[in-house]
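As given, the protein sequences belong to chains U and F, one line each in that order.
Sequence positions in the first sequence follow the working numbering and run 1 to 824.
Sequence positions in the second sequence follow the working numbering and run 1 to 333.
None of these hints come from the bench; they were simulated from the model.
Where hints are given, some of them may not hold.
Calculated cross-link-like contacts (lysine to aspartate or glutamate; reagent style EDC-like; alpha-carbon spacing at most 20 angstroms) [as the list claims (entries may be wrong)]:
| no. | chain 1 | residue 1 | chain 2 | residue 2 |
| --- | --- | --- | --- | --- |
| 1 | U | 148 | U | 122 |
| 2 | F | 142 | U | 122 |
| 3 | F | 30 | U | 823 |
Computed footprint of chain U on chain F; a stretch qualifies when at least three of its residues, placed anywhere within it, have a C-beta under 8 angstroms from a C-beta of chain U [claimed, not checked]:
| no. | stretch |
| --- | --- |
| 4 | 60–67 |
| 5 | 74–88 |
| 6 | 106–117 |
From the structure, some residues in chain U lie toward chain F, with a derived Cβ separation under 7 angstroms [stated by the list, open to error]:
| no. | residue |
| --- | --- |
| 7 | 10 |
| 8 | 239 |
| 9 | 242 |
| 10 | 244 |
| 11 | 245 |
| 12 | 816 |
| 13 | 820 |
Where a beta carbon is used, it is the ideal one built from N, C-alpha and C, also for glycine.
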Amino acid sequence: MKPYLAILIDSFWEAVGNRVLWVLLIGWALVLAGLAPFGYVTQRSFKLSSYDIDNFDKIKEKLVDGAKGKGNESVQAVASKLSPVFLEKLKPVAENGGENRGRRVRSADMAKELNAVIDAKDLYSAESFPSAEKRPKLKPLIEQGVDKLSEFEREELNRELLQLAFPLELTRPRSEQLWIGYAGFKLGEPINISRKQIKQFVEPLLLGFLIKLGLGVVAVFVALIVTSPIVPETFRSGSLHLLLSKPISRIWLYMFKLLGGCIFVLFNITFVLIGLYLIAGIRFNIWNEGLLYCIPLLLFVFIIFYSVSALVGLVWGNSIVCVVSCIIFWLFCFAIGAIHDGMQQHVELLPQISRVDKIDGKLMVVNQRGDFSLWNEKFTVWQPAIDNDFGGQARTFGPLYDPKRKQIVVKTFFRNGPFAGLSARSRKISIIRLGEEPTQNASSESKQDEREKPAEASAVSIAAADIKSAEKDATTDDGEEQKETSRDPKSLSEARSTSYWMGETGPEIPQQLIEMAQVSGDLITVNRGGIFRLNWDKDVSKGGSSSVLGMLRKLIPGTEAFENVAPKDFVMSDNSSASATADGKGLIIYNSGNVDILQYAKSRFEVTASTKIEGEGTEPALVIANNNYCIVARDSLPLIVFDSQLEPVHAEVALPDKNNTRQLVWIPGINQAAIITHTGNWFKVDCESGTLSTIPSPFAGKLTTMTWESQTQVLLGLKPNRVVDFDLSTNSVRQEFKPKMSTLEMVYNWGVNPLYQVNPKPSALDNAMNYLLSGNETQSMSLVTNDMKQAQAEIDVWRPIFTNLAFVGVMLLIGCVYVARKEF
Amino acid sequence: MIDSLAIDVQKLQKQYRDGWIVPRRFNALKGIDLAVRRGEVFGLLGPNGAGKTTLIKILLGIVKSTGGQAFLLGEPAGTKSARRRIGYLPENLSFPSHQTAKRAMEFFGRLSSVPESVIKQKSSQLLEMVGLAGREKELVRKYSKGMRQRLGLAQAMLHDPELLILDEPTDGLDPVGRSQIRKLINELRDQGKTVFLNSHILQEVELVCDRVAILAGGALQGIGTPRELTQQFGGALDTKVRIELAAGPEKIEQLKQRGGVDILPLPDDHWQLTSAAHTQADVDQLVDRIRSLNISLLRLDRTKLTLEEVFLSAVQKSTQADHENPFAVQVEN
Numbered sequence: 001m002k003p004y005l006a007i008l009i010d011s012f013w014e015a016v017g018n019r020v021l022w023v024l025l026i027g028w029a030l031v032l033a034g035l036a037p038f039g040y041v042t043q044r045s046f047k048l049s050s051y052d053i054d055n056f057d058k059i060k061e062k063l064v065d066g067a068k069g070k071g072n073e074s075v076q077a078v079a080s081k082l083s084p085v086f087l088e089k090l091k092p093v094a095e096n097g098g099e100n101r102g103r104r105v106r107s108a109d110m111a112k113e114l115n116a117v118i119d120a121k122d123l124y125s126a127e128s129f130p131s132a133e134k135r136p137k138l139k140p141l142i143e144q145g146v147d148k149l150s151e152f153e154r155e156e157l158n159r160e161l162l163q164l165a166f167p168l169e170l171t172r173p174r175s176e177q178l179w180i181g182y183a184g185f186k187l188g189e190p191i192n193i194s195r196k197q198i199k200q201f202v203e204p205l206l207l208g209f210l211i212k213l214g215l216g217v218v219a220v221f222v223a224l225i226v227t228s229p230i231v232p233e234t235f236r237s238g239s240l241h242l243l244l245s246k247p248i249s250r251i252w253l254y255m256f257k258l259l260g261g262c263i264f265v266l267f268n269i270t271f272v273l274i275g276l277y278l279i280a281g282i283r284f285n286i287w288n289e290g291l292l293y294c295i296p297l298l299l300f301v302f303i304i305f306y307s308v309s310a311l312v313g314l315v316w317g318n319s320i321v322c323v324v325s326c327i328i329f330w331l332f333c334f335a336i337g338a339i340h341d342g343m344q345q346h347v348e349l350l351p352q353i354s355r356v357d358k359i360d361g362k363l364m365v366v367n368q369r370g371d372f373s374l375w376n377e378k379f380t381v382w383q384p385a386i387d388n389d390f391g392g393q394a395r396t397f398g399p400l401y402d403p404k405r406k407q408i409v410v411k412t413f414f415r416n417g418p419f420a421g422l423s424a425r426s427r428k429i430s431i432i433r434l435g436e437e438p439t440q441n442a443s444s445e446s447k448q449d450e451r452e453k454p455a456e457a458s459a460v461s462i463a464a465a466d467i468k469s470a471e472k473d474a475t476t477d478d479g480e481e482q483k484e485t486s487r488d489p490k491s492l493s494e495a496r497s498t499s500y501w502m503g504e505t506g507p508e509i510p511q512q513l514i515e516m517a518q519v520s521g522d523l524i525t526v527n528r529g530g531i532f533r534l535n536w537d538k539d540v541s542k543g544g545s546s547s548v549l550g551m552l553r554k555l556i557p558g559t560e561a562f563e564n565v566a567p568k569d570f571v572m573s574d575n576s577s578a579s580a581t582a583d584g585k586g587l588i589i590y591n592s593g594n595v596d597i598l599q600y601a602k603s604r605f606e607v608t609a610s611t612k613i614e615g616e617g618t619e620p621a622l623v624i625a626n627n628n629y630c631i632v633a634r635d636s637l638p639l640i641v642f643d644s645q646l647e648p649v650h651a652e653v654a655l656p657d658k659n660n661t662r663q664l665v666w667i668p669g670i671n672q673a674a675i676i677t678h679t680g681n682w683f684k685v686d687c688e689s690g691t692l693s694t695i696p697s698p699f700a701g702k703l704t705t706m707t708w709e710s711q712t713q714v715l716l717g718l719k720p721n722r723v724v725d726f727d728l729s730t731n732s733v734r735q736e737f738k739p740k741m742s743t744l745e746m747v748y749n750w751g752v753n754p755l756y757q758v759n760p761k762p763s764a765l766d767n768a769m770n771y772l773l774s775g776n777e778t779q780s781m782s783l784v785t786n787d788m789k790q791a792q793a794e795i796d797v798w799r800p801i802f803t804n805l806a807f808v809g810v811m812l813l814i815g816c817v818y819v820a821r822k823e824f
Numbered sequence: 001m002i003d004s005l006a007i008d009v010q011k012l013q014k015q016y017r018d019g020w021i022v023p024r025r026f027n028a029l030k031g032i033d034l035a036v037r038r039g040e041v042f043g044l045l046g047p048n049g050a051g052k053t054t055l056i057k058i059l060l061g062i063v064k065s066t067g068g069q070a071f072l073l074g075e076p077a078g079t080k081s082a083r084r085r086i087g088y089l090p091e092n093l094s095f096p097s098h099q100t101a102k103r104a105m106e107f108f109g110r111l112s113s114v115p116e117s118v119i120k121q122k123s124s125q126l127l128e129m130v131g132l133a134g135r136e137k138e139l140v141r142k143y144s145k146g147m148r149q150r151l152g153l154a155q156a157m158l159h160d161p162e163l164l165i166l167d168e169p170t171d172g173l174d175p176v177g178r179s180q181i182r183k184l185i186n187e188l189r190d191q192g193k194t195v196f197l198n199s200h201i202l203q204e205v206e207l208v209c210d211r212v213a214i215l216a217g218g219a220l221q222g223i224g225t226p227r228e229l230t231q232q233f234g235g236a237l238d239t240k241v242r243i244e245l246a247a248g249p250e251k252i253e254q255l256k257q258r259g260g261v262d263i264l265p266l267p268d269d270h271w272q273l274t275s276a277a278h279t280q281a282d283v284d285q286l287v288d289r290i291r292s293l294n295i296s297l298l299r300l301d302r303t304k305l306t307l308e309e310v311f312l313s314a315v316q317k318s319t320q321a322d323h324e325n326p327f328a329v330q331v332e333n
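Turn these sequences into a full structure, and let the hints guide you.
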């Protein structure tokens, strides 16, 4: 090996002697030196910053009213603690004779004033804050006696009281203020994210960005330019003949020269990544070994390109041709990768079924695009149930079947960009009325009445009706009249595009919807601002006018039809989740680390059990409850099984490594819950024994959703958009619903994807990098991570590595054969 | 294969192919036989395109022969074990630009599996020997061509090879440098090393080589000591007489018609006659013939045939043979 080590040692000296290396290293050193002083500055405090004010105008309005003795007692109490000067500034211009003209109150001023309230010693009184004593967090503080509280405890109490006064307008209280600091100095105001969130976002995003762009692109291409002459110069006659006269193998000479070129990159990458590792660790306490594992990964990215450069250099002997070839190769790979990724979103991810149900022989599904569709047996496709045209990602709440009124209620919100939450053009719900249409199917109607599905099997309960009307007029959401053609599709393309039903618009759902459920026959929405019941009997004249199948209806209640039926002062955070209990008579709600079971009594919910779970409380979660147990599944944490009174913890069950819960439902009639993970695997939790087991099926890795029809019969959604009716007792498929492929799917499955699979994928190694940095095998399609049900793209870590390895192997093999056979 | 031979080449052939659409074949070596004895300094002469470099490449294993056999120090040419025992100085030598003389010596020493201690010890000795002492830490890219050539020679000797193949060793060197190289080659001969020298500078080859081979048109035109070659190529011409004559053109024409002489005109009705003359009797006979025509002899010199003249003669012969052989370059069907 000595001669070949000599080649490596010589390459080391060649790298050391290269000025570009030193320029780069100095450049990197300056970047790292610039980054090093960044860090956290923390302070234990419950004080507010302007980022904590979610709805400035509403707070202003409430405070002005409160100062006048109007509105909530708690707001009045807060307003009484504000300085008169500030209150005066808050008044609208019209009210104070134009004195406020030009004196705008900013969020920062508001935060400052509210912080003075947080410091107040006598904010709390049982009359102003009647529900405070019932709050698990406040109860011990109040019992202790407000006078005896330490300064910090008083801050906590007052901050929580402020939260009661402004539940939707302020963000969740935090016990620690966090600043981004530079050399110990605080930069701006405290930031409104936790350390965990910083870890979640800074690691994959900021570090990922620095690594991918700084090293993966800049360093790799500079390295390619610098190292491209190595092979052509080595194989130039003057130096080559001398080398070949030595007792060495020419193949190994080529391989070690190539390896020697990697030393240059290794220097750069190691220097930067160790620097970033130390800075992230020392300054942000993020000790992420994944950063160090990125060293061989980035080296591998370089080797992929360098194998091309070396082969071209060998054949053409020109370093400029080497660099140009690398750029062409990169563009080719990028184009194939971009086409693949773009199509994959529409062919593999968005069509994934997130809910499925089969009623009266009709199969209905909701996919990740938010499409609510039903199975068209004639054309074997998913036919849109109602018009929806969201294009991108969306989340559909419902569909919920209301057997009393023979109608389906559904609401879809779309995700407006990767950073945005859910939004829609309007918050009005869509209603599908069944069983009244002239062409309805009589036999199916009779079956509808028989069926009232308990919520424990599925929240979806839909009566089927064949509505095949002739031409009819319809009024859209905006009141525009449109002419509707036949609902009965005549062709495959029509079946794909024509909606089966014409939806009506209903009342507006209150803001910030978390979940929609059917509880004791009522439509209940769980929102950040409370729990609301849709009162169909209220104020019908204000309903959104609409028509269905030519018949104008004015039976839809207006916005105010949603009545708050939550316990007093019951508010929720962004990460809240809820579901109906298995008996359909109550709700289980997860809210910032608290779990509450609420029973629906006398048209109002009452908390019957409550507990707090260990942890930051910022983790998104899924919760279910039956009469005996309840289960909380949090992101990346073990499942917690409680008994029905929520204490004590009955069992903690960890999912196998890298599996995160996507769906959690009860198996009918037993104290067992089924879990589908984002990796498409299927598990069963036995609450009594507190054990987890895999449910055997031939669909491991493909599952997206499930609906249990009985203990042995289950409807399974499979990737990308297939449904099977599966019998667990015989482990066999009773029926399969596999839609015909669209042209896009055919192009993807038979053209783009096979080409992508065999094509080298240097850019796909980003996934491996994400995996190393985040430790997750799946990644969310959007950066809003509080929805555990949202489909996550699987991080295909190994396939790009294998295809790239195969590509490098082929390049090296060609190079070696060429070197061995070439007569220089 | 004879073990006493440093280089043993038997019926060696090399045919190059060129062109993608219409492949052309070119015979670079046409079955040559060559034997270089151990311990001798052997010179290989030939014009450009004669096949010299091809022969060296085959000996080093850089290209493969298409026929015949070649052995180096008793081992098949091109094998690792054979290469381990030879030192090579290529023509147009270039070193990586980041290397200093010291680092280059270390690098090439390691490539030849020379122990580190030996590299340290010998590299300074050799650099001193080639006149690069004190400049070993300078980057080679700053060296003159002559200095690079000296460094190339030093690296070729680092692993103490039994056979040195030197391709144009004095290329780029000044007269002093050339003289040093000649001295070095003589020292190597004294140490019992075999030196295979490829040079265009015929006087140099004549001065240092024990034996010389002339390669032209891919075939060996002659092999032997310079003396043997002059005899072989000159035949009767290996010793010649040159006489300056004074006469009119008619008499010179009469002398030419009698044959055996070459006559070139000089100014003022003077002429230069050249003719073979192995013995004194041959000279006397020629003088008598001239005098019989009443031609005056102004000056008479007896000279030996130079290697250059032998070389040119051999090349001329080879060129004539190539003209007579239209298949020297073949086009594939």
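Hints versus structure:
Note on residue 148 of chain U and residue 122 of chain U: the hinted pairing holds, with a Cα-Cα distance of about 12 angstroms set against a maximum of 20 angstroms. Of the pairs offered as hints, the one joining residue 142 of chain F and residue 122 of chain U is violated, with about 85 angstroms between alpha carbons and a cut-off of 20 angstroms exceeded. With a CA separation close to 18 angstroms, the supplied pair residue 30 of chain F and residue 823 of chain U stays within the 20 angstroms bound. Figure legend: the stretch 60–67 of chain F, annotated as covered by chain U; annotation consistent (5 residues with Cβ-Cβ distances under 8 angstroms, at least 3 required).
Proximity of the stretch 74–88 of chain F to chain U, defined as three or more residues with a beta carbon under 8 angstroms from a beta carbon of that chain, is established by the 6 residues found. Remark: the stretch 106–117 of chain F is confirmed as covered by chain U, as 7 of its residues place a Cβ nearer than 8 angstroms to a Cβ of that chain, reaching the required three. Interface hint at residue 10 of chain U: satisfied, since its Cβ lies 5 angstroms from the closest Cβ of chain F, which is below the 7 angstroms cut-off. Interface hint at residue 239 of chain U: satisfied, since its Cβ lies 5 angstroms from the closest Cβ of chain F, which is below the 7 angstroms cut-off.
This hint holds: residue 242 of chain U has a C-beta 5 angstroms from the nearest C-beta of chain F, less than the 7 angstroms allowed. A least Cβ separation of about 5 angstroms between residue 244 of chain U and chain F falls short of the 7 angstroms threshold, and the interface hint therefore holds. Hint status for residue 245 of chain U: holds, given a least beta-carbon distance of 4 angstroms to chain F, under 7 angstroms. The closest approach between the C-beta of residue 816 of chain U and any C-beta of chain F is roughly 17 angstroms, which is over the 7 angstroms cut-off, so the hint fails.
With its C-beta approaching chain F no nearer than about 11 angstroms, residue 820 of chain U sits outside the 7 angstroms limit, and its interface hint is violated.
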